[in-house]
Amino acid sequence: MAGLKTVLAGYLGYRGREGHWTFLLHRITGLGTGLFLTIHILDIAFVYFAPRLFLDVIELYQTTLFGIGEIFLVFCVFYHGLNGLRIAYFDMFKPRSWSREIQTKSSRILLILAIALWLPAAAWMIRNLLIHNFGLLGG
Amino acid sequence: MAATGKPQYSQTISPGMEGIAWKWMRYSAFLLIPLVWGHMILQDVVVGVHAMDLDYVARRWASMGWRVYDALLLGFAFAHGVNGLRQVLNDFIHSHKARRLLNIVLLIFWLGLTLAGFIALIAGVRN
Numbered sequence: 063m064a065g066l067k068t069v070l071a072g073y074l075g076y077r078g079r080e081g082h083w084t085f086l087l088h089r090i091t092g093l094g095t096g097l098f099l100t101i102h103i104l105d106i107a108f109v110y111f112a113p114r115l116f117l118d119v120i121e122l123y124q125t126t127l128f129g130i131g132e133i134f135l136v137f138c139v140f141y142h143g144l145n146g147l148r149i150a151y152f153d154m155f156k157p158r159s160w161s162r163e164i165q166t167k168s169s170r171i172l173l174i175l176a177i178a179l180w181l182p183a184a185a186w187m188i189r190n191l192l193i194h195n196f197g198l199l200g201g
Numbered sequence: 408m409a410a411t412g413k414p415q416y417s418q419t420i421s422p423g424m425e426g427i428a429w430k431w432m433r434y435s436a437f438l439l440i441p442l443v444w445g446h447m448i449l450q451d452v453v454v455g456v457h458a459m460d461l462d463y464v465a466r467r468w469a470s471m472g473w474r475v476y477d478a479l480l481l482g483f484a485f486a487h488g489v490n491g492l493r494q495v496l497n498d499f500i501h502s503h504k505a506r507r508l509l510n511i512v513l514l515i516f517w518l519g520l521t522l523a524g525f526i527a528l529i530a531g532v533r534n
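Line by line, the protein sequences give chains L and U. The opening position of the first sequence corresponds to residue 63 in this note's numbering, with each subsequent residue numbered one higher. The opening position of the second sequence corresponds to residue 408 in this note's numbering, with each subsequent residue numbered one higher.
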């Protein structure tokens with residue numbers, strides 16, 4: 063891990079604006095999704111290996127804290143997927159558009175699209191939380 | 408830059424394991440968009456975690472179609488995720504020896520969890 067400091071300094075110090083932020087967000091959302099996926103494979107494996115433990119995990123997932131985490135997870139999945147599509151599109155069809163201007167613009171469009179996909183899902187999940195965890199909205 | 412001085416826009420992917428791993432990321436991603444988004448919208452948003460219990464999983468897995476869907480998710484998503492983690496860590500780990508060790512550790516991690524997932528998927532909910 064000799065390069066840790068150098069690489070981290072590059073991650074944080076490089077001033078590439080939108081393209082740079084998109085790179086960082088792609089990594090953060092990917093690692094975040096991967097972390098949950100690891101836990102999720104384990105909890106689903108529990109239905110066979112330790113069914114009681116599965117119920118404990120579900121109870122934990124139903125708490126407000128995890129509910130909020132779940133809402134962020136949905137953003138991670140939308141953003142990471144859309145950015146993957148964006149990269150593949152430019153690579154495969156518009157390789158000459160890997161320019162500063164077009165990447166700045168497409169990174170902004172990407173963020174707007176990700177938020178647009180995320181907001182309705184987030185609203186519905188907040189509704190579920192209000193019903194089940196706060197007894198609101200007739201819950 | 409090409410020798411002519413014109414900028415070079417496309418790269419050829421080097422053959423070998425790293426090339427295969429790179430292609431894996433791209434092509435699994437195309438499959439993962441419908442698979443993961445569909446799974447997430449259905450389970451996290453429409454059904455919701457408050458409706459989940461052992462009975463829910465058992466009813467879902469009573470349908471062979473959903474089991475195949477979940478098998479595809481497990482196979483493609485986790486391999487994409489672990490290889491992505493490997494790519495990130497390769498930014499920090501540079502020596503040939505350490506990278507080899509990382510590859511082995513991640514392979515065992517991936518294999519172990521994938522196996523656990525498939526066993527549960529095939530065996531189903533235990534009463």
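Calculated directly from the structure, the hints in this document are not laboratory data. Please note that the accuracy of each hint is not assured.
[As the list claims (entries may be wrong)] Simulated crosslink set (DSBU-like; lysine-lysine; CA at most 30 Å straight-line):
(1) U/Lys430 / L/Lys167
(2) L/Lys156 / L/Lys167
(3) U/Lys504 / L/Lys67
(4) U/Lys504 / U/Lys430
(5) L/Lys156 / U/Lys504
[What the hints assert, rightly or not] Residues on chain L that point at chain U, a partial pick, calculated with CB under 10 Å:
(6) Gly75
(7) Gln124
(8) Ser168
(9) Ser169
(10) Leu179
(11) Phe196
For clarity, every value in this text was computed on a predicted model and none was experimentally measured. All residues carry an ideal CB built from backbone N, CA and C; glycine is no exception.
To see whether the hints hold, each was checked on the structure:
1. At roughly 27 Å between alpha-carbon atoms, lysine 430 of chain U and lysine 167 of chain L fall within 30 Å of each other, so this suggested pair holds.
2. For a cut-off of 30 Å, the pair hint linking lysine 156 of chain L to lysine 167 of chain L stands: about 14 Å separates their Cα positions.
3. This hinted pair checks out: lysine 504 of chain U and lysine 67 of chain L have alpha carbons roughly 20 Å apart, not beyond 30 Å.
4. Note on lysine 504 of chain U and lysine 430 of chain U: the hinted pairing holds, with a Cα-Cα distance of about 24 Å set against a maximum of 30 Å.
5. Only pairs whose Cα atoms come within 30 Å are accepted, and lysine 156 of chain L paired with lysine 504 of chain U is rejected, the gap being roughly 38 Å.
6. Annotation: interface hint on glycine 75 of chain L violated; nearest CB of chain U at approximately 15 Å, more than 10 Å.
7. The beta carbon of glutamine 124 of chain L is positioned within 10 Å of a beta carbon in chain U (closest approach about 6 Å), and the interface hint is therefore held.
8. Residue-level restraint check for serine 168 of chain L is violated (minimum Cβ-Cβ distance to chain U is 16 Å; threshold 10 Å).
9. Interface hint status for serine 169 of chain L: violated, as the beta-carbon distance to the closest one in chain U is roughly 18 Å, over 10 Å.
10. For leucine 179 of chain L, the shortest C-beta to C-beta distance to chain U is roughly 9 Å, which falls under 10 Å, so the interface hint holds.
11. Given the 10 Å rule on beta carbons, the hint for phenylalanine 196 of chain L is violated: about 12 Å separates it from the nearest Cβ of chain U.
Hints 5, 6, 8, 9, 11, counting from the list given before, are not met by this structure.
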